[in-house]
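Trainee: Same order as they appear, the protein sequences are chains A and B. In terms of the numbering used here, the first sequence opens at residue 1 and continues consecutively. In terms of the numbering used here, the second sequence opens at residue 479 and continues consecutively.
Because the hints were derived from the structure by calculation, they are not lab data. The beta-carbon is built from N, C-alpha and C at its ideal position, and this holds for glycine as well. It is possible that some hints are incorrect.
[Stated by the list, open to error] Here are a few chain A residues that sit away from chain B, every Cβ distance over 10 Å (derived from the structure):
#1 D31
#2 T39
#3 S172
#4 L287
[To be verified] Derived coverage of chain A by chain B (criterion: at least 3 residues anywhere in the stretch with Cβ under 8 Å from a Cβ of chain B; other residues may be distant):
#5 85-91
#6 100-112
#7 263-271
#8 411-424
[As the list claims (entries may be wrong)] Just a sample of chain B residues kept apart from chain A, beta carbon distances all over 12 Å, derived:
#9 T488
#10 T510
#11 Y623
#12 Q624
#13 P633
#14 M640
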Amino acid sequence: MASRPLTLYEKIWAAHVVERRDDGTCLIYIDRHLVHEVTSPQAFEGLRAAGRRVRRPELTLAVPDHNLPTTPRVDATGRLLPIADPESAQQLDALRRNTAEFGIDYIDATAAEQGIVHVVGPELGFTLPGTTLVCGDSHTSAHGALGALAFGIGTSEVEHVLATQTLLLQPSRTMEIRVDGTLGYGVSPKDVILAIIGRIGAAGGTGYVVEYTGEVLRAMSIEGRLTVANMSIEGGARAGLVAPDQTTIDYVRGRPMAPTGEAWAKAEAWWRTLPSDPGAVYDRSVLLHASDIAPSLTWGTSPEDVVPITGHVPDPDSFADPAKRAAARKSLDYMGLTPGTAMQDVGVQHVFIGSCTNSRIEDLRAAAAVANGRKVADGVRAMVVPGSGLVKRQAEAEGLDRVFTGAGFEWREPGCSMCLAMNPDKVPPGERCASTSNRNFVGRQGPGARTHLVSPAMAAAAAVTGRLADVRELMGDR
Amino acid sequence: MNPVTIVSGTAYPWGAKNIDTDVIIPAHWLKTISRTGLGRGAFETVRAAPGNIFDDPRYAGAPILIAGDNFGCGSSREHAAWALVDMGVRAVIAPSFSDIFSGNAFKNGIIPVVLPQEAIDRLVDAAADAPVTVDLETMTVTTGYQDRFPFTLDPFRRRCLMEGLDEIGLTLAQDTAISKFEGELAEHRPWIEERRGYEGIAVQSAGRT
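Go ahead and model the full structure; you've got the sequences and the hints to work with.
Mentor: What follows is the structure in structure tokens.
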């Protein structure tokens, strides 16, 4: 019997079905589970209350990131500095105690390997192609860059995975998002995913698992693919995949937690069978051309509010959908913007380079290339927050920290930082931030904070000009 | 989880689109290690504005929330569902929900009811001065004005809601199937279970990004 051509998603799904029910719901085995301090305490408490154990502690890895201040963690003598906020300290302590009690690998806040959970997983080789990987965090979609079926879960599901190493799931519909052509000068992976979300909308991917295909994705580094897959959730898709290829295999090989020897050979052979078969059918297909993608940014309070840097603040009346018109009016009021204003005429007071979307070494290199030899504009506070201790170390080895500090940027310790206003790094009310993070929601970077999502190079351009600037103009004079 | 069959009473006639979980519960409330008490932080930024719907005495304590497209988008924080439960909301009616929020809602006894935009528009009008009922037995939303909108739910999730089932307990009962799968895993994809522990790599990995 000739078998039907399968998509990457269908192949990974099929390899993880423990049990299929009559209604199509499947009990799916989970290969990898990442845990951080914010969405896990209630799950461990639930296990304790029910007298349950962790089924496979060795398949879980825990690291603190959301709450941690990004100021130094130890003093000059190596002594641990206390965390000022008692609630944060308690939550961080709970992660340490819970992982010790249940026998789970834990990376401490002071370790070189500590970082944002979605930077740490791929970097250590914990994330592998063809795995199912979950975490109590919506940006878990990032790991799909390596061809892992990776998605965010709630705390009840965290508890379910800890207790059973499985999840009960309905198969998703599939969407191919193909980006053909070659990216233009100054156009980064962040601009690609912003353009995609601008096209499909913030709910466009709801109910779907996306597979990113096409020449642009094939030519992209793993770090670039991580940026793209990371923001799948901002387009509504719980997971976003990129088929494993030679780039993937070269990236994973030799990572500390990746397989070695015979296991590696077996794994690599299987990973090479995973790409979607020719003729595989997706439930929906979207095509973008690289030539249509410019350095981009958001103007409003939804990640779908995307405009090229050469564009203008839109007029709410230009939207056909009445609900969108109303939402745009509220957004512009919150953002303090007037329709018709050129985006490049909008001044910023803050620049944040970091987050699980854009805090890897290539991101820091791109930002440093723009910052090099320039100064942060007067009235702008700019900070760079490496995604992990290992990224920080690498950047320092390359001298990027000196480029940043020399230009007037702050150089911080790894963590989620100003992405989500739950640690001391916040944007004050009414002030504006060019941010390499993933969400421009109302209050996301602090109550009343105004966020424009941009690429690392665009963020650096905003820092040195004091406004939302077209990075190509700064690259051009070099 | 307490079983739920009928949710009936006043409804917040909101209808707003793309309500993200940062709006439902801002991040600074996420430092708790408990599931309770989050109602105080629910919709904090919305409630900062005078005349907001959540502080309107007409809807005080309403068990139903009517919202627009893509409700619960953004962060996976289950705190959003806990905050809704804590403020007394037991059903949310919207044209669509984010996948993660809708899963979290079910697990906390909140019914996420999907109805078309026209029904939402009508309910926003009707709920201004009439009670709304969500009934899992008849699978309908009705109003004091004789409106009647049928909806569908995944049968398993419907049963979990109506019987207040413990999903983890149900899965643990499948232990034989999970163990069998793990036995095959060791053979087919041995690298999954053979990963190196953190202790063994902590020094070795230094310097690699």
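Trainee: Please go over all the hints and tell whether each is borne out by the structure.
Mentor: How the hints compare with the structure:
no. : hint    : result
1   : D31     : violated (5 Å)
2   : T39     : violated (7 Å)
3   : S172    : violated (8 Å)
4   : L287    : holds (23 Å)
5   : 85-91   : holds (count 5)
6   : 100-112 : holds (count 5)
7   : 263-271 : holds (count 5)
8   : 411-424 : holds (count 3)
9   : T488    : holds (23 Å)
10  : T510    : violated (7 Å)
11  : Y623    : holds (23 Å)
12  : Q624    : holds (26 Å)
13  : P633    : violated (6 Å)
14  : M640    : holds (16 Å)
The structure shown violates the earlier hints numbered 1, 2, 3, 10 and 13.
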